[in-house]
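S.K.: What follows is each chain in one-letter form.
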Amino acid sequence: MGIFSFLKRKKSAPEADASQHTNQLPASASDDNSDESSASATPQPASDDRQLAAEQTASLEKRLTKTRSRFRDTFLDFFLGNKPIDDDLLEELEGQLITADVGVDATQRIMDALNNRVSRSEVNDSDALREALTQELLDIILPSEAPLEIPDSDSPFVILVVGVNGSGKTTTIGKLAKQLTEGGKSVMLAAGDTFRAAAVEQLQTWGERNQVPVVSQGSGADSASVIFDALQSAKARNIDVLIADTAGRLHTQSGLMDELKKVKRVLGKIDTAAPHETLLVLDGGTGQNALNQAEQFNEAMGLSGVVITKLDGTAKGGVLFALAQKLPVPIRFIGVGETVDDLQVFQAQPFVDALLKVDAS
Amino acid sequence: MFDSLSERLGRTIKNLSGQGRLTEQNVKDTLREVRMALLEADVALPVVKQFVESVREKALGQEVLGSLSPGQAFIKVVNDELVAVMGETNSELNLAATPPAVILMAGLQGAGKTTTVAKLARMLKERHRKKVMVVSADVYRPAAIKQLNTLADDIGVTFFASSVDDKPVDIANAAMAEAKSTFMDVLIVDTAGRLAIDEDMMAEISQLHSAIKPAETLFVVDSMTGQDAANTAKAFDEALPLTGVVLTKTDGDARGGAALSVRMITGKPIKFIGSGEKSDALEPFHPDRVASRILGMGDVVSLVEEVQAKVDHNKAERLAKKMQKGKAFDLADLRDQLEQMVNMGGMSALVDKLPGGGALPPGFKAGAGDVETRRMIALVNSMTPQERKYPAVLKGSRKKRVAAGAGLQVQDVNRLLKQHAQMSKMMKKMSKGGMAKMMKSMQGKLPPGMGL
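Chains as they are written, first to last, in my numbering: chain A, 1 to 361; chain B, 362 to 813.
Isolated chain B (complex conformation):
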């Protein structure tokens, strides 16, 4: 459903082939595609307009027009502009206040405030060695206080018990006094979800704000939010002096255009993103990654980082040398490759980060060979070293034995051998200097910064 921007632009630019470069008129068409891509990613319309205008200025007159691959150059301009707009990788909390430093959370219903309180508390406790107290001023939703209580117990931070009969301001003041007398470093105040148009509730939270004078006022926003993110962020920003934004539920497949809207409208930095249900799933915000996600280009940077962190470089080097010497790619090498893939969270984790991968159905990702990969490893494991080195020796009875050893069928062995044959063919081509040729044929299909 969601074509990535690269695909969209690819189509537009294909129509121009023969002209070889973008003209001013074509830039207009291309910008329309950018606009559509941003709208599909739920970036708010006023923000899109403003953004497209600034991209137009940058794109015209720049090297885009003269570039050999204008499409790629264009995407780069868009991407860079997105990063620039979302900029400031300021993920640090400013807690330089007289202790206890207060963090106030605000947001719509169901944005993920309480969960974020718990994640923040855990992060401050474990990584910053702070004494943390949490308190819930949500006297409206049933069991909201109990929810925070349970979470606080789980992560081992102090919970200040509040009652639904109290007023939120009283709760906050009492918690503040308690935090002071028990020498807490940080007090995190959870609040009830509220609509930006609910004047009474907005008045309540600004009253709360002036009572406890928080060092940080964080606006929690669901990454799946639609066009209304802009209005909501504006209203909250006017009612409260926000100091930062937390983007939640980024582990879904939403493109998270809300991030851009909120950032551009409030001008406040996005400090953290919530990326899972567990209490440690809170990450610092990287504008470049969210930018490529909004454009549907996948999180290639994270992928590269992950590969760098997890791939066994010695093994990789050994394989490269072996290939250069013109030696065959045997089954043991195949197994090494497969194991490294499993190490990185398997195919599904990789596909997630690839361009367009987010749009694939979950069934596909789950089935994208994680089970298959493990089976292949098992098959190789039940072979003798000689069989791994010279797969040709695998005939009927050996195949039967290998299949039985891995708990699989002979057909599975055959499939493995076929795949191996294909891969070793490709490896041979690559080692004969076909690499450059291959990359060339792939150019244009890869996001910027990845190809040549």
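The following block holds chain A by itself, in its conformation from the complex:
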């Protein structure tokens, strides 16, 4: 994050009090004035979400502040003030995009668009360049903004969670379960990771914390069978949402990918629509390999959504742009921290805003 912070210095004063405001959550509704740039730039999907959006931006910003300051130290010296646009500035910007894991292809596209605008003299100074960049970035990820909606229905809504090893599947499930429970849904978890040592216990701990039932069969069991049982049980107990964990697997291992297909097949025997949501969990620190992962999981499973975790560490998430450009799968959530509330519904505008803002300190 903060990758573009060097471009922006003038606006830091108003933002300083924006972040102070939002530290006290009840007061955040009064942010409207400081938030005007984002609110007026694009129409909000629903005005109810507005306060939520403001809170989320604030939270995102807070998370990302640490890394942002690091970049600022490095680049601010070069770009003090309102600089005219020259090749150096553009090259520096390109470098920053690359460093944020945006990827060569997506960076190329963004830079081409910016170069076009510059050559048509639509963009004359670094502030305007920043505006143009915001627009470009939004254009790329706006189509990926589509929050997960769980319709009311008689049969359980099944969420199947897949991903490579260590991407944060189980943790995401724990957080998601908590949020759904708080939202008034009854939730059940299926311990489908029967391979990794103590994965079942890990999920059970999350179940205990949230007082959510966990269906498991101990390790070494057939994952598809565990999840099948869980769906049957969820159906019998009239559960709203069943979240199924699976073992982490590298997308290159076709045998393990077949195992996932089996899970899907077996679920279809109980409810032809299940799984209603197949979520891919991606580590936000992953580089361009994230694209391979998404493509191959999508090919095998037909993904309906993506969760990007650990964005607080790298605080970049440039891979989102690379992904959004490559694959038309909605980004459902982003994980920006360790606490349960740090799993946030993905919204393009606040995300880009947080990405491009400079902190005041």
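Treat the hints as calculated values from the structure; they're not laboratory data.
These numbers were taken from a predicted model, which means no experiment stands behind them.
Even for Gly, the Cβ is constructed at its ideal location relative to N, Cα and C.
It is possible that part of the hints are untrue.
To be verified - The following label-pair restraints were derived from C-beta to C-beta distances:
hint: 1; chain 1: B; residue 1: 488; chain 2: A; residue 2: 115; range: 33 to 43 Å
hint: 2; chain 1: B; residue 1: 641; chain 2: A; residue 2: 268; range: 30 to 40 Å
hint: 3; chain 1: A; residue 1: 124; chain 2: B; residue 2: 572; range: 54 to 64 Å
hint: 4; chain 1: A; residue 1: 208; chain 2: B; residue 2: 534; range: 22 to 32 Å
hint: 5; chain 1: A; residue 1: 150; chain 2: B; residue 2: 642; range: 35 to 45 Å
Guided by the hints, dock chain B onto chain A, whose structure is given.
M.R.: Using the frame of chain A, we list chain B on its own:
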């Protein structure tokens, strides 16, 4: 999606054909391609810049400009430089401390620390005959301690039970005392995953480090990590005196540019790579192999080694002699070839190691004829020796019998015969001295060190 560097350079150099050699200006374009290839492989930008600069110096003025195939020579410079930078094949752990020698693991969440602890413990136990104790100081993630406990039981090393209510430093100290009194050779301390920017957690681990004074402090990094690998490695290196790096999840198709970033930024040797889910999948690090992987050139060295280790040389020699004498390549020979391929893990394992092979979809690799190969072997097996020697005798009823014997269709027999016919044609050409011609036509398509 990922063009290998060879392909990229190939294109650039094609544009120059007619000029026959690289000029200084063209070197600039070529270096841009190198830069792109490295960035696509997730090498961190500052590292790329530094690296490209040193390649520029080496490439200019060297024999690259005058070389007949400047593209190949150029790739060689890049490859050599990569190997040099990642150098030091120091895969040994330095455990020359008063026992118990302590190994401390550090890294981000989900990098693979706990799995690596188990793999290391198993390696030390089995290959180095050490008495190993493992302990988990991860009091944060649910069931992390249980995970290590299970793994320790699986591989048969001592597990020091810890509780989530204790402080990590206390756990480590208690484990240290226990290891001493039970005369352990090695104590491996697993830690919680932490972000480099989390000051409290970084303070915790450096406190842990000064409490137990580890002989080895290993930084575990996921080979799929992106640009941030550089920052993370730097932050960890500043907080802890790292002694080495473990690169995990290399069995995926990530190009592993993180290896180069971490190596160049910390200067610490990469000691091991994790290459699978099983507890024995920990290998010593070979810089040359990772170098060609980063460049998308495939792991040809490993492939050659594997071929050397697994191919039956007697059979190969016999076949070569037979060909030289101008004898026909019969179905039995074909079967031998196919069997050797299966021995080497089948087509998919081979394709994996070939240049550009990593980028192929898994479905292709799985379907790249492993099943087909076994079927062909089965078909040959259900023939009589005479049929193998003189495939021409295979007519309708014989084909039916062979197909039934292998549980296949007559069409499959026909396909086999067709393939055999093509191969024997090629063999004939080769035995007539067409080999050199063939290799010549392939030159430029092969990575350096493989062609002529």
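S.K.: Each hint: holds or not?
M.R.: Outcome of the hint check:
1. Against the hinted window of 33 to 43 Å, the Cβ-Cβ separation of residue 488 of chain B and residue 115 of chain A comes to about 56 Å, which falls outside the hint.
2. The beta-carbon spacing between residue 641 of chain B and residue 268 of chain A, approximately 37 Å, falls within the hinted interval of 30 to 40 Å.
3. Hint check: residue 124 of chain A to residue 572 of chain B, Cβ distance near 58 Å, so the stated range 54 to 64 Å holds.
4. The hinted range of 22 to 32 Å is satisfied by residue 208 of chain A and residue 534 of chain B, whose Cβ atoms lie roughly 30 Å apart.
5. Evaluation of the 35 to 45 Å hint for residue 150 of chain A and residue 642 of chain B yields a pass: the beta carbon distance comes to about 39 Å.
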